[in-house]
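Residue numbers (the working numbering), protein chains in the order written: chain U, 1 to 318; chain W, 1 to 233.
In short, the hints are calculated from the structure, not lab data. Ideal placement from N, C-alpha and C gives every residue a C-beta, glycine not left out.
A short, non-exhaustive set of chain W residues, derived as facing chain U with CB atoms under 7 Å:
no. : residue
1   : 87
2   : 97
3   : 181
Pairwise CB distance ranges (calculated):
no. : chain 1 : residue 1 : chain 2 : residue 2 : range
4   : U       : 140       : W       : 27        : 47 to 53 Å
5   : U       : 276       : W       : 16        : 40 to 46 Å
6   : U       : 232       : W       : 27        : 26 to 32 Å
7   : W       : 90        : U       : 160       : 48 to 54 Å
8   : W       : 27        : U       : 216       : 37 to 43 Å
Residue strings, one per chain:
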Amino acid sequence: MHVLRYFCLITMHRRIIFAVATIMVALMLICGCTGTTTDPTPVEKQQLRIATTTSLYDTKLLDHLTPIFEEKYNAEVLVVSAGTGKALEYGQRGDVDVMMVHDRAREDTFIADGYGIDRRVFAYNYFVLVGPESDPAGVKAMAPEAAFTAIREKGMADKNVVFVSRGDASGTHSKEKAIWKAAGFNYSADVQGSGDWYQEAGTGMGATLTMTNEKEAYTLSDIGTYLAYKGDLKLVTLVDEGDILLNVYSVMQINPEKFPETNSTIAKDWINFLISDDIQKEIGSFGVDKYGQPLFYAAQNDWEKIGVAEAEVKNPVA
Amino acid sequence: MYEIVEGVLEALRLIVTLDPDVMAIAVRSIVISLTATIIASIFAIPLGAAINFGTFPGRKSLINLIQTLYSLPTVIVGLLIFLLISRVGPFGFMRLLFTPTAMIIAQTILILPIMTGLTISALSAVDPVIRDTLRSLGATRLQFLVNVLKEARFAILATVAVGFGRAISEVGAAILVGGNIAASSFASSTRVLTTAISLETSMGNISQSIALGIVLLVIALGVNLAITTVQHR
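My request is simple: use the sequences and hints to build the entire structure.
As structure tokens, this is what we get:
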């Protein structure tokens, strides 16, 4: 009896010591995960949270630019890559400081609703219609609207003609809808759900291109992501001319009046960084060595061509 | 086929040379999921014991509910945590979204039911003779609990391993609340093995995916091996 009780006491103590040790380890780990973000340097690093459209991420343009910014401003950049729709949603919820998107119409709404301010245009390129070399719908060199019409028509008759849509409310998805509209179709009635020829991927640009490649289908892509992925793809550019294919990238900060904890100072630094002369050169030359042509064009001197005000490409935000 | 072979070879190279990116992601995965498992254990084991030895109305239904939550979809947990910690959510002021802490919270909640349920099973499987002996020897409540837990320690260890396995292999919640961020500092990044595999595959970097997949499997195997070694000792 005595022996058992003694034994129990020891094991009990051991258990308690073990439990305490476990909790301490857990706490240390938690501190390790959260605390070190503020501790490692004596001067606290500012964090900039960016929600970006997938094309700027998948092309590795942001991977190229963020180290330059981090060095210059002693900041840490956290990039969440999502379609423009999701990026705007994060912005609307105040979960990021800055958004990099490419959907003019929805940006306007976002700004009008008071969520975004200080929009600047920093880059542009073009969308392309890509598809299999065999081009079963015969759309090569057509105008974008005519090509879309042809794909829809052939797709309904021929099983081998498939169009893969981003289907994720991204900027590219918006552009695709705009082209369907320009071609005279009602998107939800005539395109979506009109047959197996039209498939929605619900994912980023890179993933959609990979999927389109597997299915030997057609898709609309920004030229940047397409070039960055081209090495792994058997898809070729079929349509690349038409005013409607213009693709304009903007950056804006979340309105600090709506979300006071937003890091507005560093957000402005990022916007001004992107439209600065040096970085505009970086953007315009990014990828030339690897792909033989730029993935993006600098917006700085082409504001007339892309139809935005000069102030929107040149004036730093204050 | 060529792609798979080439991918595996490249994967082995990345692992053998201790590729810094792959290693950082692996270590981050372990730290996050291990922390979640430890926190979940602190809650789940006492809770499981209380439910197993307690007598209260609705006990059976509670156990049923817990067992139903075994299959709690990871994306649902992710969505729930996302809504709670997003800036406009009730805990938004803490600025937890897109941090490793958010991932730890999500994984803890995800594995809490299965760990509680398996603890109940582990304790109820303890030989009734031992329980009766303890009682007849006049053990206090605490002594009783400690000794039954000791008796069931291998099964509880297995419970912890199952919890860790589920935490480290889930991707839905990790990507929703973590955001799959690759930052310049280790502690701010939220890219773990599963989210990295998802991203790399979608970007067509198959060898990187295979390497990360192998690392994930090795971790899972290692944990199970460690558990079985302890159990057979």
